[in-house]
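Student: Listed below, chain by chain, are the residues.
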Amino acid sequence: MARAEHQPPQGNEPAPAEHPGGAHPRLRQAGGALVVDGLHVAYGRSVQALRGVSITVPPSGIVTVLGSNGAGKSTLLRAISGTLFLHHGAVEGGTITYNGQNLRGRDAAAAVRAGIVQVPEGRRVFAGLSVAENLQAGLLGTGDRRSARAKQARERVLELFPVLAERETQHAGLLSGGEQQMLAIGRALMAGPKLLLLDEPSLGLAPMMVGRIAQVIREIAEQGTAVLLVEQNAAVALGLAETAYVLDVGEVRLTGPAAELARTDEVRRLYLGDHDESGHAGTPAEGTPHETPAAATSAPRATLRRWRG
Amino acid sequence: MTKLSEIVLNGLALGSVYALIALGFVVIFKASGVMNFAHASLLLLGGYVIAQLHDELGFAGALLVGVVVTAAGAGLIEMLFIRGLGKVELHVLTILTIGIDILLTTELVRRIGSDKLSLGDPWGAKSVEVFGANVAQARIAAIVVAVVLITLFFMAFRYTAWGLSMRAASEDREAAALMGVRMKRVQLVAWCVAGALAAVAAVFLTASPTPGLDRTTGFVALKAFPAAVLGGMDSALGALIGAMMIGLTEALAAGYQSDLDALGGGASGIAPYVVMILILLWRPTGLLGSKELSRV
Amino acid sequence: MSEPEPKPGAALRPAAPGPAKSSVLNLRVAAAVIAVVVMALMPYYLTDFWLLTGLFAMAAALGAIGLNILSGTTGQLSLGHAFFLAVGAYGYMYFSGDSGRSGTHDISGLGLPPFIALILAVLLAGAVGGLFSPISGRLRGMYLGIATLALVFIGEHVMINAHSVTGGYNGRAAEPMEFFGFTLADEDPYLEVAGVEFAKYERLWYLALALLVIGIIVARNLLRGRPGRALGAVRDSEIAAAVMGVPVARFRSMAFVVSSMYAGLAGVILALVFGRMIPEYFGLALSIDYLAMIVIGGLGSVGGAVAGAVFVTVLPQLFAHYAASLPLVVESGGDGVGPTEAARYLYGAAIVLVLLFSPGGLAGLVRRVRTPRTTPRTPARSRSAHSKEPQGAAS
Amino acid sequence: MKPRKGTRAAAAVIAILALSATACSTKEKDKDPAPNGSGNAGQLKTGAGVSDTEIKVGELSDLSGPFAPLGKSVTNAEALYYEQLNAAGGVCNRQVKVEVKDHGYDPQKAGTAYTELSGKVVGISQLVGSAIVTQLKDQIEKDGILTLPQAWPSTLLGKKVIQVTATTYDVEIINGISYLAKNVGLVSGDKVGHIFSDDEFGANSNAGAKYAAQQAGFSLVEQKIKPTDADMTAAISAMKSAGVKAIIVSASPRQVGPIMGGTETAGFKVPVLAHSVGFHPQLLALVGAPMEARLYVASPVPSINTDMPLLTKLVADYKAKYPDQPIDQGVLSGYTTAAMFGEALKAACKAGDLTPAGVMAAHRAQTSLDLGYGAKLDFSSPDKPPTYQTYILRVDKTVPSGLKTVEQAFESPGARTYTLPKPS
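Going line by line, the protein sequences match chains H, F, X and L. Following my numbering, the numbering of the first sequence begins with 5 at its first residue and continues without gaps. Following my numbering, the numbering of the second sequence begins with 15 at its first residue and continues without gaps. Following my numbering, the numbering of the third sequence begins with 1209 at its first residue and continues without gaps. Following my numbering, the numbering of the fourth sequence begins with 29 at its first residue and continues without gaps.
Wrong hints could be hidden among the right ones.
[Unchecked claim] Here are the simulated lysine to aspartate or glutamate pairs, EDC-like style, with alpha carbons at most 16 Å apart:
(1) K273(L) <-> D335(L)
(2) K187(L) <-> D166(L)
(3) K84(L) <-> D381(L)
(4) K432(L) <-> D352(L)
(5) K170(L) <-> E1395(X)
(6) K198(F) <-> D111(H)
(7) K198(H) <-> E172(H)
(8) K374(L) <-> D352(L)
(9) K148(L) <-> D1314(X)
(10) K374(L) <-> E82(L)
(11) K170(L) <-> D1394(X)
(12) K347(L) <-> D166(L)
[As the list claims (entries may be wrong)] Take a look, some chain X residues computed to stay more than 10 Å from chain L by CB distance:
(13) L1259
(14) G1349
(15) V1366
(16) I1368
(17) G1376
(18) N1378
(19) G1436
(20) F1482
(21) R1484
(22) G1546
(23) Y1553
FYI, nobody ran anything at the bench for these hints, they're computed from the structure. Note that CB positions come from ideal geometry on N, CA and C, so glycine has one too.
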């Protein structure tokens, strides 16, 4: 597996045309739906959050992006979903295309219209609105709230999450953490996305609930919606995804089929060995190595230090 | 008893007008996070346009144009000044609206000069008897129109895509953006709605038995500040309750002034502020305002 | 005036910032001394009109520094600054004045020596600011802003009704300042220096200048020291500040007290300059003027506050004075844009333009010119307009 | 490079300083233009503001603030008077030149504007706004320049330099109440309402109303309003439930209008007495009918549309000079005030002393000045208004000012028995 070279901050110069590191074009499938190529993102003038990141999400299936806190995972999602500006961030180089349509520099509404919907980290349901209104809000980007398609989407969501049907009139803020996560995913599904972006769906959930959510993600993918899953909980993510990328300090460090990646020493040591990981006790996804010598994680690597960004 | 019912009715009418203004404050605050000090000049703008046009277009036509112009003016302020600033300190946006208010007010005052303009409203000095009290028709009209508009407003807020977008966005801007809500459009509409409400308020502020529109008419918007704040700045229902409280307090303090001599007389002008301070001491974010979520 | 090429010897100089810093510091001190000297010479050249304008500007500068500590540094929006100016002004009049009649009413006073009255008035303003802490401690953001708005209106009502202290609508006369028999008035004793008569305004000029210099130094030391950092931390995030061990509530109310004391001092100077204060002066417009000063000057900067005060105070005077020779401006009373309107337009436009194009105000502009683009202006200083938005830049 | 920059800046500052030193060294001369300039023309003594060809008169007006309507009419009318005075040869062979400063009713601006006039004018023939007069009066007294304010509270009495130009508000309301008592049939024991604004004007008027009510045996129902209020319904409700037989209003047109409209709406059609400063012709369009029926205006001058030679000529001349400007009572007030100042200048010229002190002395020596509108003015006592007389005007939609005189100058018995507030 290739390892990206550390690159100095690019400043305002356009990003180099070639791939700065290890994202291998050979992994790109023909007709790949979402293509992020050589993406550079900065916050303010000096803080480089992404340096030449390239990933590809095929039209179906689950792709995961792993990385520690501050590796740039959320930044990647923000760049795709068009919410960078809300965080003072800007794309400084590279391209983002979906089905050949440019998404770089477009706003969140454009991404939604193109069929990409993100479930934000920490769920972020509209606490003061009822469950039903939250689901309605998921339709706001589509422009039609009363059509048959909207009704269908609603039925699909309630089928997926029966608990939401029971709680329809309740304020979303009163739901449990797991229920809120379901609502957040359900809300995103209302728009009928072709590609669902999930930002740390397992964060802060009880192990039981993590399993449920993982199950739901798999179901969504099986129904034909592509999923880009960003996770710190590598055990869960690698169990779900076909393809995985590892982000570190704003660069793609490792990439490959998830199962293959899960067997590499580096990933085992860095992402699967920590017994504190909440997901550890969770999903017994096949092919995921469980026992990694704890000693391997004892010396934190410099590259995994919390990186401000 | 006649006195009391007269005072209460007038207080409610006053409260209705304040409510129209205060709702504008709340909508703008929810959309852009700013307390809009330029509202005073928008109100004056609406009144001025109606006053200038009612001879030619008749009252209804002038009202329509006035509402549209004021809504457009508010929208223009949003597009030119507020939108581009993005994330800045709360004060900065607030003070920016003060700057805009100074510009717009100066121009309008220069045009109005010493004039007292009639808005050509159809009620004149006619009055009706309600519960044995004589109340100006314009006051009754103010209550009726305010009830209709506020009901429409709440329905729009509850059931339309814009209303849902507004509520979602004021709960969580980023999450709303991720749902594909076009924030710019939602904000623009919010400002326009607030502007339109201000223009309607201008009509009832200047209709008989008040003296017509003059250069100081916009000041009344200042009294809607306490209304919006004591109800909770991000709560439309709170604004409505606050406006009614302020209207009634003011009318009662003025009507029963002789019993309030200890306060030095003329206390009705400051009654709204006293009520507001007391309520804020009790509830620092107003009656129905949401607690600020603090994030580190 | 060409920029010197780096001399060969330059490379040999130690790279340590020590000497360079101190030379910059020396330079700053030198510039400040020159500024003070220039200001001290002004009474020899300025006519009464400009002296008076300058005195207003100096008083405004003190008030603006105070508001800047409150709103700029601590982030507490105050629309009630005029009220604290009034407390200072009437406090001084009450402490220094004698009981007697003014207009149709009896007024009372303590008849203290003026200098003592000045100190007491400043302390009184601070105490009143402290009394406001139950409110300032509980309210945030716009809620605080509108609550302070109430101070202006309620304050005006109290001033008009508290005849015996304020003299009612007519206000009351202020005793001239006096130091050991030397009065800061036109006479008593008559004074002439180098052929220029030193009358009331000339004498007050030096008092105001001295107070302003002290005020600037105190504010700078306050803001650069521990309290300043703590106040900044309170503005940026109260919780973070609390975690860092800053007693948030105490610092919030301390900022109010200090700010009110500055306002009180400004009020005393205004009372001395006017010789008589009427309650109408301390209206909402005055509060807004002060807000405009700190915004135009630059939030959080002492120098900016002074610059903003000068801008806001002097601009209308310039227009009024030179109305006749300005194009597009008709003389007062004519049809078209009069000097007062022109000044209002410029004033409003200045607020809007400064905020749109240089959110750091005049101080930010100067900083940018001085250090062009070397240090990026990080967004750390600007806070979310929406408290609910996430503050962190990345996960 | 930093130190270099700094030294350069310092050098520049010093250079500017040196330049300004040479440019501004005239300060001493500026302050005292012609000290005791002895007689150029005969034995005439001159001082500040008077040259061989010119007499400079100052005016401090409100042309951009709340009193701008009054300020504008007064300023125009004064300009008209001085133009006519100059056309007739001026005073002492000198042309009178007016310097107008606008203070916008801002005490701070008024303060600086005053410094631009003091020492450069022989007197101030217009000073709008009683708050402004109050703010400046100590200074004016010290400078000793005759000043004619456009405000009539009796609290301005008592200073030799400040000449209140007509009946004060309190005396005016005493006269007004006595007229009302006689003409609308109020009897002892009746309740009379007084709605007055919470400022000096209202308070002064209230003092007079209290006295008159007590003299006539009325009980006075008081209602204070804020000068900025526009909604009078609550005040009217209070009056109505108290059952007053008449309402006295001491407030601005902003409030007189709604009071007329509100009482009409409430079916509470009692007579209303207001001051002339509370009337504005534009109210006619809004509440013309009730004003025509029930409004009485107490005024120190007759209606400008009264058939008097002075007034008809004034209206014609004003119309010719300012065809677009409204003709209101401010025009008459401004013109007569300027005339008072003109008479003082003429008297001072005759006495051979055109210094500010001389003008003031000459002015105060006039005990029976007749400007041609009826009232005789006695300026000899600083503690008393020049006249105790009041005209009663009523609404007449057919004339430009909207007012007609219904009662010529009169003085009620209470006018002189009332003790004016003891001046400070």
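Student: Taking the hints in turn, state whether each one holds.
Tutor: A quick look at each hint next to the structure:
Distance check on the hinted pair: K273(L) and D335(L) sit about 33 Å apart at the alpha-carbon level, beyond 16 Å; violated. With a C-alpha separation of about 9 Å, the suggested pairing of K187(L) with D166(L) holds against the 16 Å cut-off. The straight-line distance between the Cα atoms of K84(L) and D381(L) is roughly 15 Å, inside the 16 Å bound, and the hint therefore holds. Our distance criterion of 16 Å between C-alpha atoms is broken by K432(L) and D352(L), whose separation comes to about 22 Å.
A C-alpha spacing of about 11 Å is found between K170(L) and E1395(X), which places the hinted pair at or below 16 Å, so the restraint holds. At roughly 10 Å between alpha-carbon atoms, K198(F) and D111(H) fall within 16 Å of each other, so this suggested pair holds. Using a Cα cut-off of 16 Å, the hinted pair K198(H) and E172(H) is violated, with the two alpha carbons roughly 25 Å apart. Of the pairs offered as hints, the one joining K374(L) and D352(L) is violated, with about 32 Å between alpha carbons and a cut-off of 16 Å exceeded.
Pair hint K148(L) plus D1314(X) does not hold up; C-alpha atoms about 36 Å apart against a cutoff of 16 Å. Using a Cα cut-off of 16 Å, the hinted pair K374(L) and E82(L) holds, with the two alpha carbons roughly 14 Å apart. For the hint linking K170(L) to D1394(X), the alpha-carbon distance of about 10 Å falls within 16 Å, and the restraint holds. A C-alpha spacing of about 38 Å is found between K347(L) and D166(L), which places the hinted pair above 16 Å, so the restraint is violated.
Against the 10 Å criterion, L1259(X) falls within the reach of chain L, whose nearest CB is about 8 Å from its own CB. Against the 10 Å criterion, G1349(X) stays outside the reach of chain L, whose nearest CB is about 27 Å from its own CB. At roughly 12 Å, the least C-beta separation between V1366(X) and chain L is larger than 10 Å, which holds for a residue marked as non-interface. For I1368(X), the non-interface assignment is contradicted: its Cβ lies about 6 Å from the closest Cβ of chain L, within the 10 Å cut-off.
For G1376(X), the shortest C-beta to C-beta distance to chain L comes to about 7 Å, within the 10 Å cut-off, and the non-interface label is violated. Separation of N1378(X) from chain L is inadequate, the least Cβ-Cβ distance of about 5 Å not exceeding the 10 Å criterion. With a closest Cβ-Cβ approach of about 25 Å to chain L, G1436(X) is found to remain outside the 10 Å limit, as its non-interface label requires. A cut-off of 10 Å between C-beta atoms contradicts the statement that F1482(X) is not in contact with chain L; the least separation is 6 Å.
For R1484(X), the requirement that its beta carbon stay farther than 10 Å from each beta carbon of chain L is not met, with the minimum near 6 Å. Residue-level check failed: G1546(X) sits 6 Å from the nearest beta carbon of chain L, not beyond 10 Å. Annotated as non-interface, Y1553(X) keeps its C-beta farther than 10 Å from every C-beta of chain L; the closest such distance is 12 Å.
Hint compliance for this structure: hints 1, 4, 7, 8, 9, 12, 13, 16, 17, 18, 20, 21 and 22 are not met, and every other hint is.
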